[in-house]
Amino acid sequence: MLTLWNDFGFGGMERSLSAFEELRREMDRVFEGYERDAGRRQSAVWPRLWLNDRGEALQLTAELPGFTEKDVELSVERQSLTLRGTRKVDAPTGYAVHRQEREGLAFARTFALPCRVDTTKCVATLKDGVLDVMLPKVPEEQPRQITVKAT
Amino acid sequence: MSDTKQMVKPAVATPELDLVHLSPPVDIYENDNEVLIVADMPGVTPDMTTVRLEPPRLLLEGRPPKRAQERAVLYERVFRVSDDIDPNGIAAHIEAGVLSVHLKKSDASKPRRIEVRAGK
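Chains as they are written, first to last, in the numbering used here: chain A, 198 to 348; chain B, 250 to 369.
One chain only, chain A, in its complex shape (with noise of 0.2 Å):
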């Protein structure tokens, strides 16, 4: 009904030549492979995110496909911050499943923050399935700039 694409053209000489035959069950045991993983490559560590230093604040950002802002909770102590989800994946009713490569999980990732952050400023979006939080620092871990003064 509906298979991946992919663009070698083995599949006209199936019948009449059996050598054909063998490479091409061969070629399909190698991508059956690859398809399989086409679709998780992304997703040794999940979920993909990123920590940033934007001088007066640390964003974070997290890609989180599927999520609403029940399913994340994040907790932020002065030098640490944690991000736990759950997300399930149910065939709809009525449906047959072809292909399930999308996962329900859950995770936590804690992270260790390279510097002091005002845990009462923090914000958090959640907006096309990515979150972003800014986390401002304490004043005293701000950037300063120190004016250079002519003795």
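Check the hints yourself; a few may be wrong.
Simulated pairs of lysine-lysine, DSS-like, Cα-Cα distance not exceeding 30 Å [to be verified]:
hint, chain 1, residue 1, chain 2, residue 2
1, A, Lys346, A, Lys267
2, B, Lys315, A, Lys267
3, B, Lys369, A, Lys285
4, A, Lys324, B, Lys315
5, A, Lys267, A, Lys285
6, A, Lys285, B, Lys354
7, A, Lys267, A, Lys318
8, B, Lys353, A, Lys285
9, B, Lys315, A, Lys318
10, A, Lys285, A, Lys346
Here are a few chain A residues that sit away from chain B, every Cβ distance over 10 Å (derived from the structure) [said to hold, decoys possible]:
hint, residue
11, Leu261
12, Thr265
13, Pro340
Distance windows between CB atoms, simulated [what the hints assert, rightly or not]:
hint, chain 1, residue 1, chain 2, residue 2, range
14, B, Leu268, A, Leu302, 41 to 49 Å
15, B, Lys359, A, Leu271, 41 to 49 Å
16, A, Glu266, B, Ile363, 47 to 55 Å
17, B, Arg329, A, Arg251, 30 to 38 Å
18, B, Ser358, A, Glu219, 41 to 49 Å
19, A, Thr279, B, Arg362, 51 to 59 Å
20, A, Thr290, B, Glu364, 39 to 47 Å
21, B, Ser355, A, Pro311, 32 to 40 Å
22, B, Ser355, A, Ser272, 46 to 54 Å
23, A, Arg313, B, Ser349, 23 to 31 Å
24, B, Ala367, A, Met224, 50 to 58 Å
25, A, Trp247, B, Arg362, 49 to 57 Å
26, A, Lys267, B, Ala357, 40 to 48 Å
27, B, Arg362, A, Lys285, 30 to 38 Å
Since the hints were made in silico from the structure, they are not lab data. Note that the Cβ used here is the ideal one computed from N, Cα and C, for glycine as well.
With chain A held as given, fit chain B onto it using these hints.
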């Protein structure tokens, strides 16, 4: 132009060389009326999504907004679709970074109930 990387780029555009192609994980479901494809494309909005049918291929593409200091990403997946899919009956929507594509089956391919009549 605040980005210094942009400023040193040659005048002639060499587009998308540093584009990262990602293959999003997909689910494929089917019932009597349609085939449903679900794909994870975090960050992608409806206007940055392309669903294109070039029989027999169906292309799904999504471009999330580029993040500062990261390479631009293109989510991309291609399927072979059999001809019992109605080319005019494809509908797609994206929500919370999850793309759903509904492929309606043509009427001829739907299972039909054949009435059994009593013989005389």
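Now the hints, each set against the structure:
A hinted pair counts as satisfied when its Cα atoms are at most 30 Å apart, and Lys346 (chain A) with Lys267 (chain A) does not qualify at roughly 53 Å. With a CA separation close to 26 Å, the supplied pair Lys315 (chain B) and Lys267 (chain A) stays within the 30 Å bound. A C-alpha spacing of about 56 Å is found between Lys369 (chain B) and Lys285 (chain A), which places the hinted pair above 30 Å, so the restraint is violated. Taken as a hint, the Lys324 (chain A) and Lys315 (chain B) pair is honoured in the structure, with Cα atoms around 15 Å apart against an allowance of 30 Å.
Using a Cα cut-off of 30 Å, the hinted pair Lys267 (chain A) and Lys285 (chain A) holds, with the two alpha carbons roughly 12 Å apart. The straight-line distance between the Cα atoms of Lys285 (chain A) and Lys354 (chain B) is roughly 28 Å, inside the 30 Å bound, and the hint therefore holds. Only pairs whose Cα atoms come within 30 Å are accepted, and Lys267 (chain A) paired with Lys318 (chain A) is accepted, the gap being roughly 20 Å. Between Lys353 (chain B) and Lys285 (chain A) the CA atoms are separated by roughly 26 Å; this keeps the pair inside 30 Å, and the hint holds.
Taking the CA atoms of Lys315 (chain B) and Lys318 (chain A), the gap is near 26 Å; set against the 30 Å cutoff, the hint holds. Between Lys285 (chain A) and Lys346 (chain A) the CA atoms are separated by roughly 60 Å; this puts the pair beyond 30 Å, and the hint is violated. Not every CB of chain B lies more than 10 Å from the CB of Leu261 (chain A), the least distance being 7 Å, so the non-interface label is violated. The beta carbon of Thr265 (chain A) is not kept farther than 10 Å from every beta carbon of chain B, the shortest such distance being approximately 7 Å.
Against chain B, the non-interface label of Pro340 (chain A) holds: every CB pair exceeds 10 Å, the least being about 17 Å. Between Leu268 (chain B) and Leu302 (chain A), the C-beta spacing of about 28 Å breaks the proposed range 41 to 49 Å. Against the hinted window of 41 to 49 Å, the Cβ-Cβ separation of Lys359 (chain B) and Leu271 (chain A) comes to about 47 Å, which satisfies the hint. As the Cβ distance of Glu266 (chain A) to Ile363 (chain B) is approximately 50 Å, the hint placing it in 47 to 55 Å holds.
At about 44 Å, the CB distance of Arg329 (chain B) to Arg251 (chain A) disagrees with the hint of 30 to 38 Å. Restraint check, Ser358 (chain B) to Glu219 (chain A): a C-beta distance of roughly 34 Å breaks the suggested window 41 to 49 Å. The hint said 51 to 59 Å for the Cβ distance between Thr279 (chain A) and Arg362 (chain B), and at roughly 55 Å that hint holds. Range check, Thr290 (chain A) to Glu364 (chain B): Cβ separation about 28 Å, and the 39 to 47 Å hint is violated.
Between Ser355 (chain B) and Pro311 (chain A) the C-beta distance comes to about 58 Å, which lies outside the given range of 32 to 40 Å. Judged by the Cβ atoms, the range 46 to 54 Å given for Ser355 (chain B) and Ser272 (chain A) holds: they are separated by roughly 52 Å. Separation of Arg313 (chain A) from Ser349 (chain B) is about 43 Å and departs from the stated range, judged on CB atoms against 23 to 31 Å. A hinted range of 50 to 58 Å for the beta carbons of Ala367 (chain B) and Met224 (chain A) is consistent with their spacing of about 53 Å.
Taken as a hint, the range 49 to 57 Å holds for the pair Trp247 (chain A) and Arg362 (chain B), whose Cβ atoms sit roughly 54 Å apart. Lys267 (chain A) and Ala357 (chain B) have their C-beta atoms about 43 Å apart, which keeps the hinted 40 to 48 Å range intact. Taking the beta carbon of each, Arg362 (chain B) and Lys285 (chain A) are about 35 Å apart, inside 30 to 38 Å as hinted.
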